[in-house]
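Undergrad: One-letter residues, chain by chain:
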Amino acid sequence: MNYNVNEKGYYGEFGGAFIPEMLYPNVEELRQNYLKVMAEPEFQKEFNQLLKDYVGRPSPLYLAKRLSEKYNTKIYLKREDLNHTGAHKINNTVGQILMAKRLGKTRIIAETGAGQHGVATATVCALMGLECIVYMGEIDIARQAPNVARMKMLGATVVPALSGSRTLKDATNEAIRDWINNPVNTHYIIGSAIGPHPYPDMVTRFQAIISEEIKWQLKEHEGRENPDYVVACIGGGSNAAGTYYHYLHEPDVNIIAVEAAGLGVDSGESAATSVLGKEGVIHGCKTLLMQTPDGQITEPYSISAGLDYPGVGPMHAHLAKTGRAEFMSITDDQAMKAGLELCKLEGIIPAIESSHALAIFEQKTFKPNDVVVVSLSGRGDKDLQNYIEYFKI
Amino acid sequence: MNRINKKLQEDKKLLSIYFTAGYPTLNDTVSVIQNLEKSGVDMIEIGLPFSDPLADGPTIQASSTQALKNGMTTEVLFNQLKDIRQSVSIPLIIMGYFNPMLQYGVEAFCKKCQEIGVDGLIIPDLPVDVYNEEYKATFEKYGLINVFLITPQTSVERINFIDSISNGFIYMVSSASVTGSQSGFGDEQTKYFKRIADMNLKNPQVIGFGISDNTTFTQATQYAKGAIIGSAFIKHLSTKPVHSINDFVNFIVK
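As you go down the protein sequences, you meet chains A and B in turn. Once you know that position 107 of the first sequence is 107 in this note's numbering, the rest is easy, because the numbers rise by one and skip nothing. Once you know that position 252 of the second sequence is 645 in this note's numbering, the rest is easy, because the numbers rise by one and skip nothing.
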């Protein structure tokens with residue numbers, strides 16, 4: 001079984017490029033060039049240099065001793081939360097801004113939900129001196145004021161998405177419309193492993209640095225490259241794609257994908273796409289998608305703004321369908337509890353997204369000798385208000 | 394012969410109107426169609442509303458959101474249209490996004506269109522190559538014309554390919570934009586209109602996006618077989634009663 005994208009842009013039956021003709025030239029230009037550009041030694045050199053000096057990579061692979069003791073197994077945390085801007089998102093935006101420059105683009109657009117990808121995009125645009133426009137749902141702008149301020153300080157223009165449900169999916173629609181209206185000078189930095197081919201593959205390759213590092217870091221710690229499990233939370237699925245990438249074809253490595261169950265998978269307030277979704281087309285790709293029987297896209301819910309996307313990247317849809325990955329759903333309450341537990345046991349305040357991945361240890365028993373690597377995709381600073389309100393701190 | 398092909402053979406410039414099914418109220422669909430035919434319009438695009446219409450601007454998106462709130466679904470639309478051929482003979486095209494069709498079942502959707510007497514489909518996010526490889530045979534089996542879009546950025550090679558697999562007309566998007574975002578055509582657009590006209594394609598071209606009045610209609614049809622109006626008509630419908638459609642059409646063609 002092949003878990004990578006094929007030459008037509010599909011992961012099994014998922015993926016492709018379901019885009020209006022107006023977007024075809026932009027997407028085609030990218031499709032024809034992305035692998036070539038990424039393979040250039042100069043590109044590689046600049047990318048790796050920035051990851052090291054600017055992002056702060058490699059991010060540590062940390063053996064969480066007290067957490068491991070509590071769950072009687074060996075838990076390593078891949079510390080993406082220690083990256084510049086506080087999450088894995090920057091790996092992709094550094095890669096894509098270099099790509100945009102190689103393609104001669106002068107204007108950058110992006111969508112953002114909680115604002116993490118918007119901040120990561122605004123950051124690299126400031127770094128490269130490029131114009132940056134970030135689309136963000138009107139409701140999210142109100143919920144995520146500190147990130148809106150960050151983007152503005154970094155020189156970006158934040159444009160409210162006023163259509164539809166005024167959240168992430170609508171911000172994505174608006175960014176796509178902007179790209180239709182500006183087909184020549186603009187590059188669209190998609191923040192997750194979603195969208196028309198080649199985006200899911202390109203984003204995955206930029207995030208693949210995560211599992212590339214895990215391999216040699218684990219070798220140092222354990223004398224072997226392969227853990228027994230890799231675990232990551234999934235909204236669109238970019239940190240997960242990067243965490244799994246180099247293990248997709250290693251059958252001895254079990255893959256666990258953690259979705260947000262919100263108030264419960266059957267509550268009507270959930271974002272567990274692999275359970276609730278059905279095959280459909282969203283934002284240019286065929287994937288699993290939460291929708292009405294009539295094919296209208298529905299609004300997901302999670303306490304974590306980074307996980308409430310109604311679809312999931314096509315690679316993950318394929319991993320779910322083929323059974324390569326085990327999908328688990330974690331509720332708001334389970335995630336919040338796991339987040340606070342990490343604070344107390346390890347002195348690390350995780351993003352609520354990452355807390356979902358940590359919550360599986362209450363749900364699933366691992367063997368004492370198992371080596372479990374969990375992607376700690378982001379830090380919890382941005383979620384402080386949520387933590388305060390939830391725990392009445 | 395398909396009603397679209399027959400219409401395209403007429404020696405006149407064609408006015409095609411887009412409207413969103415189930416807008417302004419759920420049961421306006423049929424009377425909008427009847428009034429458009431009575432007003433002398435040549436072709437109608439019935440918009441099947443979608444929650445996330447990527448290629449549309451605010452006017453059409455707002456009408457889609459309203460139509461969905463009104464209770465419009467694929468099934469409701471097909472029920473509304475079930476006797477439409479008893480009252481109108483104008484070419485009818487359903488324009489919608491791919492996901493609702495995929496959920497209905499592409500073959501079942503096409504079959505239903507044939508039963509009703511729908512003549513063609515426009516699906517902006519169904520790519521040319523996917524249609525060609527997976528769905529062309531089905532569309533043809535049910536006698537449906539699929540209409541593709543081209544834009545000022547579409548390469549000559551791709552235009553020729555689109556022309557080769559089209560069997561009705563080519564929908565020429567007037568400029569790089571979503572619907573409803575232009576006002577008036579400049580030099581760049583007329584140059585593009587002329588460039589495409591000079592390619593002498595086998596399929597006639599109908600220009601859409603940015604047509605909102607008599608001036609833009611006349612400019613567009615100077616180079617193309619016809620023109621499509623969407624957002625401007627939706628705006629009219631949002632404030633004026635359905636029986637005033639005639640005023641709108643007279644304002645366009647004069």
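Worth flagging that the hints you see were computed from the coordinates, not collected in a lab. Please note: incorrect hints may appear among the correct ones.
Calculated pairs, DSS-like style, for lysine-lysine (alpha carbon to alpha carbon, straight line, at most 27 Å) [claimed, not checked]: (1) B:529 / A:8; (2) B:595 / B:462; (3) B:505 / A:278; (4) A:344 / A:367; (5) B:628 / A:278; (6) B:462 / B:628; (7) A:8 / A:321; (8) B:595 / A:278; (9) A:70 / A:364; (10) B:534 / B:462; (11) B:405 / B:462; (12) B:504 / A:278; (13) A:215 / A:392; (14) B:431 / B:628; (15) A:278 / A:215.
Undergrad: Look at each hint and say if it fits the structure.
TA: Right, here's what the structure says about each hint:
The suggested pairing of residue 529 of chain B with residue 8 of chain A holds, with an alpha-carbon distance near 19 Å, which does not exceed 27 Å. For the given pair, residue 595 of chain B sits about 41 Å from residue 462 of chain B by alpha-carbon distance, which is inconsistent with the 27 Å threshold. In summary, the hint linking residue 505 of chain B to residue 278 of chain A is supported, as the alpha carbons are separated by about 23 Å, within the 27 Å threshold. Restraint check: the Cα-Cα separation between residue 344 of chain A and residue 367 of chain A comes to about 23 Å, which is no more than 27 Å; the hinted pair holds.
Between residue 628 of chain B and residue 278 of chain A the alpha-carbon distance is near 35 Å, which puts this suggested pair outside the 27 Å criterion. As the CA atoms of residue 462 of chain B and residue 628 of chain B are separated by approximately 18 Å, the hinted pair is consistent with the 27 Å bound. In summary, the hint linking residue 8 of chain A to residue 321 of chain A is supported, as the alpha carbons are separated by about 19 Å, within the 27 Å threshold. Between residue 595 of chain B and residue 278 of chain A the CA atoms are separated by roughly 40 Å; this puts the pair beyond 27 Å, and the hint is violated.
Of the pairs offered as hints, the one joining residue 70 of chain A and residue 364 of chain A holds, with about 13 Å between alpha carbons and a cut-off of 27 Å not exceeded. Of the supplied pair hints, the one linking residue 534 of chain B and residue 462 of chain B is violated, its CA atoms being roughly 34 Å apart against a limit of 27 Å. Our distance criterion of 27 Å between C-alpha atoms is broken by residue 405 of chain B and residue 462 of chain B, whose separation comes to about 38 Å. Between residue 504 of chain B and residue 278 of chain A the CA atoms are separated by roughly 23 Å; this keeps the pair inside 27 Å, and the hint holds.
Taking the CA atoms of residue 215 of chain A and residue 392 of chain A, the gap is about 40 Å. The hint is violated against a cut of 27 Å. Distance hint between residue 431 of chain B and residue 628 of chain B is fulfilled; the C-alpha atoms sit about 20 Å from each other, no more than 27 Å. About 34 Å separates the Cα atoms of residue 278 of chain A and residue 215 of chain A, which puts this hinted pair outside 27 Å; it is violated.
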